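Peer 1: So you can see what is in the structure, the chains are spelled out below.
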Amino acid sequence: MNIEKLSSAFSNVLGLNGDKITDDLSYGSLGWDSVAHMKIIAAIEDSFDIMLETEDVIDMSSFKKAKEILTKYGIAF
Amino acid sequence: MESLFNLNGKIAFVTGAARGIGWQTALMLASNGAKVIINDLADSENLQTKIKDAKEQNIDLTTLFFDVSDYVQVKNAYSSIFKEFKRLDILVNNAGIMEDSMISTASEAHIEKTFKINTFGAIYNTQYASRLMARNNSGSIINISSIIGTKGNAGESVYSASKSALIGLTLSTAKELAPLGIRVNAIAPGFIDTDLVSHFSEEIRQKTISNIKLGRIGTPEDVAKAVLFFASDLSAYITGQVLGVDGGMII
Numbered sequence: 130m131n132i133e134k135l136s137s138a139f140s141n142v143l144g145l146n147g148d149k150i151t152d153d154l155s156y157g158s159l160g161w162d163s164v165a166h167m168k169i170i171a172a173i174e175d176s177f178d179i180m181l182e183t184e185d186v187i188d189m190s191s192f193k194k195a196k197e198i199l200t201k202y203g204i205a206f
Numbered sequence: 003m004e005s006l007f008n009l010n011g012k013i014a015f016v017t018g019a020a021r022g023i024g025w026q027t028a029l030m031l032a033s034n035g036a037k038v039i040i041n042d043l044a045d046s047e048n049l050q051t052k053i054k055d056a057k058e059q060n061i062d063l064t065t066l067f068f069d070v071s072d073y074v075q076v077k078n079a080y081s082s083i084f085k086e087f088k089r090l091d092i093l094v095n096n097a098g099i100m101e102d103s104m105i106s107t108a109s110e111a112h113i114e115k116t117f118k119i120n121t122f123g124a125i126y127n128t129q130y131a132s133r134l135m136a137r138n139n140s141g142s143i144i145n146i147s148s149i150i151g152t153k154g155n156a157g158e159s160v161y162s163a164s165k166s167a168l169i170g171l172t173l174s175t176a177k178e179l180a181p182l183g184i185r186v187n188a189i190a191p192g193f194i195d196t197d198l199v200s201h202f203s204e205e206i207r208q209k210t211i212s213n214i215k216l217g218r219i220g221t222p223e224d225v226a227k228a229v230l231f232f233a234s235d236l237s238a239y240i241t242g243q244v245l246g247v248d249g250g251m252i253i
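Those protein sequence lines, which keep their order, are chains F and G.
Heads up: the first sequence begins at 130 in my numbering, then just goes up one per residue.
Heads up: the second sequence begins at 3 in my numbering, then just goes up one per residue.
Relax, there's no trap hidden among the hints.
In silico BS3-like cross-links for lysine-lysine, where the CA-CA straight-line distance does not exceed 25 Å:
no., chain 1, residue 1, chain 2, residue 2
1, F, Lys134, F, Lys149
2, G, Lys88, F, Lys201
3, G, Lys88, F, Lys196
4, G, Lys77, F, Lys194
5, F, Lys196, G, Lys85
6, G, Lys85, G, Lys37
7, F, Lys201, G, Lys85
8, F, Lys196, G, Lys77
9, F, Lys201, G, Lys77
10, F, Lys134, G, Lys88
11, G, Lys85, F, Lys134
Computed spacing ranges between beta-carbons, pair by pair:
no., chain 1, residue 1, chain 2, residue 2, range
12, G, Asp235, F, Asn146, 31 to 41 Å
13, F, Glu133, G, Asn8, 31 to 41 Å
14, G, Glu58, F, Leu145, 53 to 63 Å
15, F, Gly203, G, Gly35, 34 to 44 Å
16, G, Ile105, F, Ser190, 39 to 49 Å
17, F, Asp148, G, Lys153, 50 to 60 Å
18, F, Gly147, G, Gly183, 17 to 27 Å
These are computed hints drawn from the structure, not numbers from a lab.
Just so it is clear, the structure is predicted and the values come from calculations on it, not from any experiment.
Glycine included, every Cβ here is placed at the ideal spot set by N, Cα and C.
Whenever a hint applies, use it, and build me the whole structure from the sequences.
Peer 2: As structure tokens, this is what we get:
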């Protein structure tokens, strides 16, 4: 399931339980800092076997936004 | 004991590698086990001959031609590295040009071209390479600066500035990328026997050599050995450094 893959990319990097990964999770909270951001990007790219555009790396400011961005890469949620 | 120079299983990318320091670096990394992708602006018969000769020595090089100063081309290049190899372990930002000019007569075109290739190119490549490296929580980036960038030289202020900028890039990215397991170092070659200095007159050449304590011009291999050091685990605890490879040159 794509949503589970995305959710575990976030939870593994941030060291959080899956139930903490909601649409409201956003950059700057729960340990999601600039270093974690690069790790989340790497984890997402690894899980879905894609390479994100730099603009999308910059725009990915919440879990909800991550889903929106990945939709552009043909990943459905 | 396994050699600390061993790069088996590593994927390396060298920009501006058709000749000179870049070419020798590619050979050096490949002969120590890395799978090496070489970049330059365009293919040539001469390069294909060299690649064929290398192959006969069991050195296998892959090519990826694009302009490092073009952001879109860099982006597409890393997409193709990702598609084909899935990872990147070593980046050598080597592509560069050197055009002499006094500050009073440096044209806008010269200034822009020099910075686009020497500086922007390295920044663009670092941006994309570090993202591929971050996936494995490891990597080594080596920026080829210049003694002109660390010490300056009359008649080369624009080149000097473009190469000094690589030191700033090295120092900052070393700090920023360390938490992702990526090391960044720079090499500042002195007077090295490449096409970049082939236009020097014999008189200038001898005068320059007289300022080198080891008494000879450097070879591209001399620089490539330093790149191998930074690319390998021998330098596992070294980041944010600028290493002069200049034979004790005074400038």
